[in-house]
Amino acid sequence: VTVLVGFATVLLLALACAGGGRAMLHAIGLVGKLEPRLVHPVAFVLGVGLLGWLTFFVALSGLLAPTYLVALVAPGLAGLALRLPQKPTEMVAGRRDLDPFIVIACVLLAAIAALDIVQAMAPPADADTLGYHFALPKQFLTAGHLVFVPRAVDGAAPLLLHMTYLVALGIGGETALTLWVALLGWVAAWLFYALAREFVDRRWALLLVILLVTTPAVVYGSGSGQLELKLSLFAMVAGLAVARAMRTGDWRFAYLAGLAVGFYVGAKYTGLLFATVCGLTLLMQRRWLSHGVIYGLVALVVGSQWYLWNAVNTGDPLFPLLYDWLGAKHGYWSAEIAAFLRSQWVPEENPAPRTVFWLLAYPFAATLRAIENWDSGRTGLGPFGLLVLPFALLGLWRFRDRVTASPLRSYAVIALVFYVLWFFSATSQRVRHLLPIYPFFLLCMTVAAQRFVRERGLLAPLYGAVFLTLTVQSGVTAVFNLNYLRHLASGETREAFLRRNVARYAPVPWLNSHLTSHDRVLVTERQLVYHLDVPSFTASERYEYLVDLVPGSSDPRRFLAEISRLGITHILVAPGLSDYAAGMRHFGTTALVGYTAALVAAGCGSVVHSEIMTAPRSRTVPTLEGNSVSSDVVAVDTAHCRL
Amino acid sequence: LSIELAERRSSVATLAAWLWVVAMMLAYLAQFAAYVRPVLALLG
Numbered sequence: 187v188t189v190l191v192g193f194a195t196v197l198l199l200a201l202a203c204a205g206g207g208r209a210m211l212h213a214i215g216l217v218g219k220l221e222p223r224l225v226h227p228v229a230f231v232l233g234v235g236l237l238g239w240l241t242f243f244v245a246l247s248g249l250l251a252p253t254y255l256v257a258l259v260a261p262g263l264a265g266l267a268l269r270l271p272q273k274p275t276e277m278v279a280g281r282r283d284l285d286p287f288i289v290i291a292c293v294l295l296a297a298i299a300a301l302d303i304v305q306a307m308a309p310p311a312d313a314d315t316l317g318y319h320f321a322l323p324k325q326f327l328t329a330g331h332l333v334f335v336p337r338a339v340d341g342a343a344p345l346l347l348h349m350t351y352l353v354a355l356g357i358g359g360e361t362a363l364t365l366w367v368a369l370l371g372w373v374a375a376w377l378f379y380a381l382a383r384e385f386v387d388r389r390w391a392l393l394l395v396i397l398l399v400t401t402p403a404v405v406y407g408s409g410s411g412q413l414e415l416k417l418s419l420f421a422m423v424a425g426l427a428v429a430r431a432m433r434t435g436d437w438r439f440a441y442l443a444g445l446a447v448g449f450y451v452g453a454k455y456t457g458l459l460f461a462t463v464c465g466l467t468l469l470m471q472r473r474w475l476s477h478g479v480i481y482g483l484v485a486l487v488v489g490s491q492w493y494l495w496n497a498v499n500t501g502d503p504l505f506p507l508l509y510d511w512l513g514a515k516h517g518y519w520s521a522e523i524a525a526f527l528r529s530q531w532v533p534e535e536n537p538a539p540r541t542v543f544w545l546l547a548y549p550f551a552a553t554l555r556a557i558e559n560w561d562s563g564r565t566g567l568g569p570f571g572l573l574v575l576p577f578a579l580l581g582l583w584r585f586r587d588r589v590t591a592s593p594l595r596s597y598a599v600i601a602l603v604f605y606v607l608w609f610f611s612a613t614s615q616r617v618r619h620l621l622p623i624y625p626f627f628l629l630c631m632t633v634a635a636q637r638f639v640r641e642r643g644l645l646a647p648l649y650g651a652v653f654l655t656l657t658v659q660s661g662v663t664a665v666f667n668l669n670y671l672r673h674l675a676s677g678e679t680r681e682a683f684l685r686r687n688v689a690r691y692a693p694v695p696w697l698n699s700h701l702t703s704h705d706r707v708l709v710t711e712r713q714l715v716y717h718l719d720v721p722s723f724t725a726s727e728r729y730e731y732l733v734d735l736v737p738g739s740s741d742p743r744r745f746l747a748e749i750s751r752l753g754i755t756h757i758l759v760a761p762g763l764s765d766y767a768a769g770m771r772h773f774g775t776t777a778l779v780g781y782t783a784a785l786v787a788a789g790c791g792s793v794v795h796s797e798i799m800t801a802p803r804s805r806t807v808p809t810l811e812g813n814s815v816s817s818d819v820v821a822v823d824t825a826h827c828r829l
Numbered sequence: 013l014s015i016e017l018a019e020r021r022s023s024v025a026t027l028a029a030w031l032w033v034v035a036m037m038l039a040y041l042a043q044f045a046a047y048v049r050p051v052l053a054l055l056g
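If you read the protein sequences in the order shown, they are chains U and H. Under this note's numbering, think of the first position of the first sequence as 187, with each following residue one higher. Under this note's numbering, think of the first position of the second sequence as 13, with each following residue one higher.
One chain only, chain H, in its complex shape (with noise of 0.2 Å):
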């Protein structure tokens, strides 16, 4: 059960981790929304 237990926890950690990278991330990239166009233009 200990192991059992033990591994959950680890699951959830690793979840936690994984939506706090991917949360932060999108956050940190919402502020350049306003530049996608332009620098999709600049690429096109």
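For reference, chain U alone in the conformation it holds in the complex (with noise of 0.2 Å):
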């Protein structure tokens, strides 16, 4: 029953969102002006857009009951009684010859969407997406209401895509949400198809396809809560928006771009990024100035929501990036902890400098390279784009009279521009952010590596490329699957998958059966999160500052008054106090287990349960040596407390 419900709820989503995209484009006036190919994707992803944009004002008023969501979906349903328009006559009559070749690629696309459904049927077990992609909309379903979590990186961060998230499972429960993130990805596919084909034949545009989502960083992400793949929806249309907008001048193609980018900007703070990026795109052509006070009007007020969020909260819009200039209230930050992060998050997450040298070696590095911090080797982006490097540069310099006038122009400016950007923000250095904008670049490096070597006559070598390409990835991804096939025709236990893929799971049942909705638990492991069925909290030494953990910090009463004041009841601490006192010690929790070990002896707490608990260091490949560390619960008493 619970998955006949999770399809039906993607079904009323998918549909909501084809109708609410629809009257968008409708409304913009836009539907005539777009190949009918474009036009459903298109508007599916405005449709998506739209519903995480509603879905924060129905969270800001506390109506985040199962039944004021399905009524907030279900007027998009109308709009898909508004007329499309007709596709060529030619197209709808004549019935082509069956390409074998075109039969092979559906059948394969069909069995990796096989493959992802089978993926969804099982409990999530991606740590980010434990730890906040799903973790935050079930926070606030259970809250009934939006609630502010003051962490940086993953608590205070545009929520647009979350928003949708919840929908799914506020009205259909987990099943419906897992479904409803490998259908974004599916979209994404699809939209890629219909951009495709504006410049390439049927074929290309399969192979293209079948290349993005075998990408590892895509097998890899599409599935979870991971933002990356769905964003490239909102960065398909912003990109198309803005070659069209330059191409025939038309400002409703820049107002789309706006709505786009603003949809992006709304859902990740890279998209600060990409919103510069098609600015100055947008102003390189003579109505620079009517298209970009438009591109800028909308995209600021789509895109504003959740920055104003974090104003009204904390006063900084971007927290905590802004805290040196403008501070931070209630104590949510501090200079130390400021400081910290920078000096921890920036170098772990940046492992190259940010030199014009790194500029262009960082994609030959992350594609031959497997650097943890990047998420290259197994998540990165596949080979293709060092395969086909060279026939792309070929083309590009043998038609290099034609680039400037090419409508690819605007992707490759995109692409490239943000690239520089991002690399150059002291962002995150991980291979995966690049996905929004990847479907760009695949689409120019085929096309001109297709256009060169089709004149040259060295098309085996380029079709030797994508084969083997191919080859490899679909072999990863059916690698990757047998995790999630064996789970679904084992029988195995939510439980049982649940110890074998999520890290540290082990203490989580323990929790759920003794701990009831009037206690709150510490925790470290943000993966736990999620599927804790009790209130929680995730303390860090670096991403919050309401338990203060820096090191350096050594005052057991603050401690206690901050854990008091949150209605902590229950601290997990890893490892166990009796191997802290005997000297180990486990990653960013020293100070945690140091403040939990003075609390006991003073008579504040008791170890009340204790469990090892292991890592896998793959879900993919569990062969692979994982690793185990001890664990305590203490429950906090201090009825009797000495300290």
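Hints may be right or wrong, so weigh each one.
[Said to hold, decoys possible] Per the computed footprint, the stretches of chain H lying under chain U, defined by three or more beta-carbons under 8 Å from a beta-carbon of chain U, are: (1) 17-31; (2) 44-55.
[To be verified] Beta-carbon label-pair distances, calculated as ranges: (3) H:35 / U:251: 54 to 62 Å; (4) U:292 / H:34: 24 to 32 Å; (5) H:23 / U:470: 39 to 47 Å.
For the record, the hints were derived by calculation from the structure and aren't laboratory data. The beta carbon of each residue, even a glycine, is placed where N, CA and C say it ideally should be.
Quick one: dock chain against chain with the hints and give me the complex.
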């Protein structure tokens, strides 16, 4: 039944997004201006953005019951009644011969889609997803309203796409949510196909789609709450709109670009970079002023809601990025933690120096080397870009006189300038953060390479590059999904699956069965949060300051006051207190375990449960050696506290 | 002669292109050498 409810919910959301987006396109007056193959996916993307945007206000108003969520979604269905441009008559009437190549490509895509559905039947297991992508919507639904989470990076962040997750979870439960995120990945593939058809035939467009959906970073993230592939939806619509605005001079495309960019800005901070890039590109044309003003105003109105939410709650719209200038309300942040986060996070997330040399070297290094803090290698962008590079560069040189007039120019400029800004911006250098512009990169490289090899009679090596890439990437896709196939086929229980796949999951079942909704457990392992059915607080030495765990802080009384203010009744510590006393340390928990040990020594708490927590090194390849650490659950009891 | 030269140039270009594709694919795959056994064990 839950599976059926999940499918029904996703169908409802999909139809509502298609209808809502179609209504938006009608309102802007662009339905007749886009080719029929583009209208549907573009409308769908606008519908997704609109759903996320509207849900913010519903959540803010405290109307997060399923009835209200259905009432929010249902009007979108009315948009389906709006007329769309008809396909050209010959396309409808003329029966084409069945192309075996296209049949094979479609079968392959169907197989990958089936694997995505299998994955969606399993409980979510990705750490970021469990830490906040799915945990925040669950938390908001439990509270019945929007809750401000004063955490850097994964709490006080733009959450427009998370709002669509919230609707799926709120109406149809977890299966609806996992199916919804998988569907969004396929909408990206659909839109990419429609974009690519402007430049290549059906065969190549399908090849490009298969290359995209089997890219390791896509395989890794598309079935989870990870945002990057979903952000490519907004990026592609924005890129299309910018290109059309420049080509046609029609202000309505600038309006569409503003909408799509606004949704992107509302979904992730890096949307601000993308907004800058699209804005700069729009300025490189005759109607730069009118288009620039329309684009800017629309993007500002659409994209600002989460920044205002942050500003209202903390005084800093980009909390805590502007702490040095704006400070932070309610003691949410301090100079010490700001300095500590900067000193730790920036070098960790940016292993390569931000120099021109590394700007050029990064794509090669990220393709050929598995660097942990880049998430390259197993979850990188695959080999295709490298394999076709010489063909694409030679194509660029050969047809250099046509480049400025090419409709691809806008996509190339957007991808290139975004990459340069991103690289020098000191945001995380993880490869998957390039996924929003990856479709543009794939398209530009492939078109340039294809034009060149066709002229020079070098088609065979290019086909070879595609074939080798698809073989490797399809293998990766299959191996990645084995875990989920086995789960489904073996009838493994939910708990057994989670114990195998979620790092350090072991204490969660005990906490769920022994604590109540009146308790609150403090954890440092954020990947446990989503599967905890009791209230929790995620403490961190670098991302939050409600509990001060910055190394060097050493005041157990203040710690007790802080956790009491938060209503903490239990603390989950790793390593366990006896191992800690014996000198064992775990990443980022030293201050917390030290404080907890002090509380227990002073009679302010006692160990009520112990577990060994295990973390697999890879969910896909479980035979790779994982790591284990002891843990204790400490119940806080201030009745006999001698602190 | 010019046809022959053009043909030879084309064969060299084709060979170079294939070499690039195969060499870069091998270079890409080399980073995953440590995964071969565990993945084979998984499939086995």
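So, going through the hints one by one against the coordinates:
Counting residues of the region 17-31 of chain H whose C-beta sits closer than 8 Å to any C-beta of chain U gives 5, which meets the bar of three, so the coverage hint holds. Counting residues of the region 44-55 of chain H whose CB lies closer than 8 Å to any CB of chain U gives 7, so the stated coverage by that chain holds, three being the minimum. Against the hinted window of 54 to 62 Å, the Cβ-Cβ separation of residue 35 (chain H) and residue 251 (chain U) comes to about 60 Å, which satisfies the hint. About 29 Å separates the C-beta atoms of residue 292 (chain U) and residue 34 (chain H), a value consistent with the hinted range of 24 to 32 Å.
For residue 23 (chain H) and residue 470 (chain U), the Cβ-Cβ distance of about 43 Å falls inside the hinted range of 39 to 47 Å, so the restraint holds.
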